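Participant: Listed below are the residues making up each chain.
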Amino acid sequence: MAKFRVVHYINQFFAQVGGEEKADHRPESREGFVGPGMAFNAAFGDKAEIVGTVVCGDSYFNENLETATKEVLDLISSFKPDLVIAGPAFNAGRYGMACGTVAAAVEKELGIPAITGMYKENPGVDSFKRDIFIIETKNSAAGMRDAVKVMAPFALKLAAGEEIGASVEEGYIPNGIRVNFFEEKRGSERAVDMLLSKLAGKPFTTEFPMPDFDRVEPKPAVADISKATIALVTSGGIVPKGNPDRIESSSASKYGKYDIEGVFDLTESTYETAHGGYDPVYANLDADRVLPVDILREYEKNGKIGKLHRYFYSTTGNGTAVASAKAYAAAIGKELVSDGVDAVILTST
Amino acid sequence: MILITNNPKFQSVPEPRCDMEYIAGSYRDVLILVRDRIHQGHKLLSHPLSGSVKPNETPYKSILISKKTGSLDVDSLQIIEDSISTCDKFMQNPINYGHNNQDALLADFSEVDYGLIVAAIASASR
Amino acid sequence: MKLELGNIFIHDIQFGDHSRVENGVIYINEEELRAHLLEDENIKSVSFDIAKPGESVRIMPVKDVIEPRVKAEGRGGIFPGVISKVDTVGSGRTNVLKGAAVVTTGTIVGFQEGIIDMSGPGADYTPFSKLYNLVVICEPVEGLKQHAHEKAVRFAGLKAATYLGRLAKDLEADEVESFETLSLIESFRQYPDLPRVAYVQMLQTQGLLHDTYVYGVDMKQSITTMLYPTETMDGAIISGNCVSACDKNTTYHHLNNPVVRDLYARHGKELNFVGMIITNENVYLADKERSSDWSAKLAEFLGVDGVIISQEGFGNPDTDLIMNCKKIEAKGIKTVIITDEYAGRDGASQSLADADISADAVVTGGNANMVVNLPPMEKVIGHVKLADTIAGGFDGSLQPDGSIVVELQAITGATNELGFNRLSAR
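Chains as they are written, first to last, in my numbering: chain A, 1 to 349; chain B, 1001 to 1126; chain C, 2001 to 2426.
Bound-form chain A, shown alone (with noise of 0.2 Å):
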């Protein structure tokens, strides 16, 4: 049986170009296996081989995101492989972010069977378990040969096209699919076992994790709103037309903060939407659609509301990590705070 042709992508670092400083190096492709590639090279024995490898800096990557997919398929396709293995990425966030598109895209654009692995906290997880297959690693290269030993079968089995069993017996971290099997003892074994280590304090993995609720526990309402400075949040996209800061239409890095003293009306030529998530078309022609700072300057007329607070918040929703989010609301808390704003409206769409 002829072996698997397989594509082996990695970044600068364990390409041997170079640390930090080499990151912004641009994507090149090399004959054979380049250095973990040895390892994987040995682990597929006689079923596949890596007849190249792909290199790309994880900041060049990561900063031209759409050009660098780009690049980077257009030289693995060039070796015609039948499987493409990325990293694995372990704790590494940039990286796992390159790998994991990499990966999906070989398998949305090219059809061609892609895995990679990295360690349960790295970023790109949430971002492509559902695209992907990623094997659980340890949280740094020291845990390589266990990588190795896991994804080189898995990867072996996936290009093989053979049935994919659960999470749990294949090694990858699980995608939200459930997927049936035996284990060695039934459950109302597995339950008293579960049990006592509960009550002994000892770690334990439930097979059905509850899904994640990251309930807020609502504040009071604002004592008296004629006197309340509000601010303007939003996740829709809302920038001054030309986006000057490049917020990304998508997977947003950033957000901006925006001075609109003086200004009672957002117009389609001083205001646009960076959103890629929906039609842009109206949110294009008066961005107080998504924004409504029209709307809050007449209360502010009127006395409704105290005031509009100076500046407002905008970044975009769709394909921003979790933990990005986070952060952003996290920084632009303490400014809103600090600022003395009462009360935020947040928009989304």
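It should be emphasised that the hints constitute simulated quantities derived from the structure, not laboratory data. Some hints here could point you the wrong way.
[What the hints assert, rightly or not] Taking lysine-lysine pairs in the DSS-like style, the calculated list, with each CA pair at most 27 Å apart, reads:
{"hint": "1", "chain 1": "C", "residue 1": "K2326", "chain 2": "A", "residue 2": "K219"}
{"hint": "2", "chain 1": "C", "residue 1": "K2297", "chain 2": "A", "residue 2": "K198"}
{"hint": "3", "chain 1": "C", "residue 1": "K2269", "chain 2": "A", "residue 2": "K198"}
{"hint": "4", "chain 1": "B", "residue 1": "K1043", "chain 2": "C", "residue 2": "K2326"}
Values in this document were obtained by computation on a predicted structure and should not be read as measured data.
Take the given structure of chain A and dock chains B and C to it, following the hints.
Facilitator: Chains B and C alone, transformed into the frame defined by chain A:
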């Protein structure tokens, strides 16, 4: 209390212990109507997902709500919304009991739904 | 309370002239058993069949599965308040025809379901493929209403199991197991340093075809209460539940409750198994609040450190499960819950109809929506055409060659929420 139902059995066998709002619609239509009533301040008295016959199997659903209204009951809202999600999840794979004995089958589903809600009405009437 | 179970291992069932058990074989006089079951005027006719492990046989639609047992020594009889007189059971000696079962079938409602394949891939999903089954097929009299039909079939199964069980009354057991639960104070004195654990069993109690009986009482009408675990071994709890095949507890499950067995197995070693709390799953929401308040109150009253909670059924019981879990955790008592999942055919949907952050220790019996392909069997006992109307089956489930494409939902006991099986999901 008010019985919200699309079960035709209630048209032939009136239920004296509660008011009835009959809707000639689908299982989901019943859930939506109950949700509307909850937003209007009624409280949910019986669980919408009564019975183990699944939403994509039986066309009939009966639910009890309070006659009195008050402020929005958040627990009722949570339950009805979860039930609508569950219904939609199952309806991705509708089961077509289209063959021989369709009338008898529908009669069976009607009987089971009736039996379950009558048990709830009995509890409520204690 | 102390109960001895005398297991007599069965490795065959045959029809014969004279009902008896000899050398691990049950011989059944068909006529005698038939006459006994036909004493019920609501039953028009009864036929029997035998299904053995490994045979190319499919049984459907399955109603209940019951294990033949008999009280050999001591108080009361099996199925108290139903078959035997009301008396407290769970002590003395009970003999069991181990490896055998009575399986009832019958189309009580058109969508009636439950498949047991004795071989092939379907056999892996039901524990009953490993048993020697006496299948009892009842036809009701014309025009019998659903609830009366269900009752007739229920009693036919219990009576048949009792008839077989009695054959074991004076037999010598191949193996004897012993289970004992002391009073609260004695149990505390016996193992003062072991964590105290109780088992909270939730019982299906919604109404027509969805009922459970405890000492003959409709559990729907009962407040949460307590049992000695050994009472279940004598049939204190029996099933009147018909839906769904995969996660309803058959009477066999109640008699062989695996949580009870596995807690007893560690009793005195790693834990102190204090007792059982049984509660219900009524449709009326205020009943749910009342019942779960009681579960939590009793758990606290028993002074336990942890509980295992098992569920029965889908949808509205998920709400009871979460209520019981939340309220018991709020008392500072640790919980582990056992449930099953309806995550859609692709496994991607929300598995439960209710959820809460305090349910952090869950054991699952698997995704009941998983689709399986059951190959044709040489013999079908029951009604094969029903495949298309079997819950979990879909349009065209029954293939021309006799194979069936169904969800696990349709297989009897497949995703049991007592933790009876090894099936799980991740």
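Participant: All hints, please: hold or fail.
Facilitator: So, going through the hints one by one against the coordinates:
1. The hinted pair formed by C:K2326 and A:K219 meets the criterion: a straight-line CA distance of about 24 Å does not exceed 27 Å.
2. Between C:K2297 and A:K198 the CA atoms are separated by roughly 21 Å; this keeps the pair inside 27 Å, and the hint holds.
3. Only pairs whose Cα atoms come within 27 Å are accepted, and C:K2269 paired with A:K198 is accepted, the gap being roughly 17 Å.
4. About 22 Å separates the Cα atoms of B:K1043 and C:K2326, which keeps this hinted pair within 27 Å; it holds.
The structure shown violates none of the earlier numbered hints.
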